[in-house]
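Build out the structure end to end from the sequences listed, making use of the hints.
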Amino acid sequence: EAQVTQNPRYLITVTGKKLTVTCSQNMNHEYMSWYRQDPGLGLRQIYYSMNVEVTDKGDVPEGYKVSRKEKRNFPLILESPSPNQTSLYFCASRTTGGNEQYFGPGTRLTVT
Amino acid sequence: QQQVKQSPQSLIVQKGGISIINCAYENTAFDYFPWYQQFPGKGPALLIAIRPDVSEKKEGRFTISFNKSAKQFSLHIMDSQPGDSATYFCAASLMNSGYSTLTFGKGTMLLVSP
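So the sequence lines, in the order shown, correspond to chains U and P. Heads up, the first sequence is in our numbering, so the first residue is 1 and it goes up one at a time. Heads up, the second sequence is in our numbering, so the first residue is 113 and it goes up one at a time.
No lab work stands behind these hints: they were computed from the structure. Heads up, the beta-carbon is just placed ideally off N, CA and C, and yes, glycines get one too. Honestly, I wouldn't trust all of these hints.
[Said to hold, decoys possible] Quick list of simulated restraints, FRET-style, between CB atoms:
| id | chain 1 | residue 1 | chain 2 | residue 2 | range |
| --- | --- | --- | --- | --- | --- |
| 1 | U | Gly16 | P | Gly172 | 45 to 55 Å |
| 2 | P | Met190 | U | Glu70 | 28 to 38 Å |
| 3 | U | Val14 | P | His188 | 16 to 26 Å |
| 4 | P | Gly153 | U | Glu62 | 23 to 33 Å |
| 5 | P | Lys183 | U | Thr110 | 31 to 41 Å |
| 6 | P | Ala141 | U | Glu100 | 14 to 24 Å |
| 7 | P | Ala141 | U | Thr13 | 24 to 34 Å |
[As the list claims (entries may be wrong)] A few chain P residues facing chain U, derived, Cβ under 7 Å:
| id | residue |
| --- | --- |
| 8 | Pro156 |
| 9 | Thr213 |
| 10 | Phe216 |
| 11 | Gly219 |
[As the list claims (entries may be wrong)] Residues of chain P placed beyond 12 Å of chain U at every Cβ, according to the derived structure:
| id | residue |
| --- | --- |
| 12 | Asn139 |
| 13 | Phe178 |
| 14 | Lys183 |
| 15 | Gly195 |
Printed below as a string of C-alpha cells:
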C-alpha cells in the first residue's frame with residue numbers, strides 16, 4: 001500500500017530534550033516536506049526537500065532541522081524543543097512536478 | 113503575508129444543503145488550485161483540484177468554481193452529508209516551476225448536521 005508513515009504518532013516531552021520525528025514514504029517520491037498544523041493558522045510548511053541531500057526552509061523553520069540522506073526518509077529534528085512547538089505535525093510527499101501531495105497520519109507533539 | 117485567504121473559518125450546514133467555502137489568492141502566477149479534505153485524526157487528502165484555464169470542475173457532489181479575474185475560487189458541496197463533516201483546506205501553487213510548494217488557506221471546519 002502506497003503511504004507516508006510517521007513515528008511516533010503521539011509524543012509528550014519536556015523543554016530542551018532533543019527529539020526526532022521520523023517520516024518514511026514508499027512511493028519513490030522525490031519531494032518531501034514537513035508541516036505543522038495549529039488551530040486558526042492552518043498548515044504551515046516547516047522544511048521541504050526536493051531530493052536526497054537537497055533541503056530548504058519553508059515558512060516556519062525556526063527551531064527545526066531536517067535531513068534527507070535517503071530518498072524514502074525525511075526526519076524532523078527538534079534539538080531543543082520549546083512549548084511553542086506544541087503542535088500537530090504532518091509529513092508529506094509527492095513526485096517532482098506532481099499534482100497530488102500525500103500526507104502522513106500526523107504526529108501530535110506536546111512540549112511541557 | 114497570507115497569500116491564500118479562506119473563509120469561513122467554520123460552517124454548519126443541514127443534511128442535504130449546499131456547503132460553500134471560498135478562497136482568494138494574491139499571486140497571479142499560481143497555476144494549480146487544489147482542495148484538501150481532512151477528517152479528525154487523519155492527514156489531509158486531495159479532494160479535487162483545478163487549473164486556471166477552466167472556470168469550473170465537478171467531481172460527483174464536489175465542484176470548484178474558479179474566477180481568474182477576481183483571483184477567487186470556491187468549493188461547493190452539493191447535497192451535503194454528515195460524512196462530509198471535516199476540515200477543508202484550499203491551496204495554491206506554481207506547478208510549472210517543477211518543485212513548487214503548496215500555500216494553504218487556514219482551513220474551514222464543516223459540520224453537516226443530520
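Glycine 219(P) as chain U interface residue, shortest Cβ-Cβ below 7 Å:
At about 5 Å, which falls below the 7 Å cut-off, the nearest Cβ of chain U leaves the hint on glycine 219(P) intact, so it holds.
Quick check on the hint: threonine 213(P) CB to chain U CB, less than 7 Å?
holds (6 Å)
Quick one: are alanine 141(P) and threonine 13(U) within 24 to 34 Å, going by C-beta?
Violated - the Cβ-Cβ distance for alanine 141(P) and threonine 13(U), about 40 Å, lies outside 24 to 34 Å.
Distance restraint evaluation - alanine 141(P), glutamate 100(U), Cβ atoms, bounds 14 to 24 Å:
Holds, at about 21 Å.
Given hint phenylalanine 216(P) near chain U, where the shortest CB pair must fall under 7 Å:
This hint holds: phenylalanine 216(P) lies near chain U, its Cβ roughly 4 Å from the closest one there, short of 7 Å.
Given as non-interface: asparagine 139(P), partner chain U, CB spacing beyond 12 Å:
holds (14 Å)
Is it true that glycine 16(U) and glycine 172(P) lie within 45 to 55 Å of each other by Cβ?
holds (49 Å)
For the pair glycine 153(P) and glutamate 62(U), does the Cβ-Cβ distance stay inside 23 to 33 Å?
holds (28 Å)
Next item in the hint list is proline 156(P). Is there a CB on chain U closer than 7 Å to its CB?
OK, holds: proline 156(P) within 7 Å of chain U, min 5 Å.
Taking the shortest Cβ-to-Cβ distance between glycine 195(P) and chain U, state whether it exceeds 12 Å.
holds (19 Å)
Holds or violated: 16 to 26 Å for the Cβ distance of valine 14(U) and histidine 188(P)?
violated (46 Å)
Check on lysine 183(P) being off the interface with chain U, judged by Cβ distance over 12 Å
The assertion about lysine 183(P) holds, with a minimum of 19 Å to chain U.
Hint compliance for this structure: hints 2, 3 and 7 are broken, all remaining hints hold.
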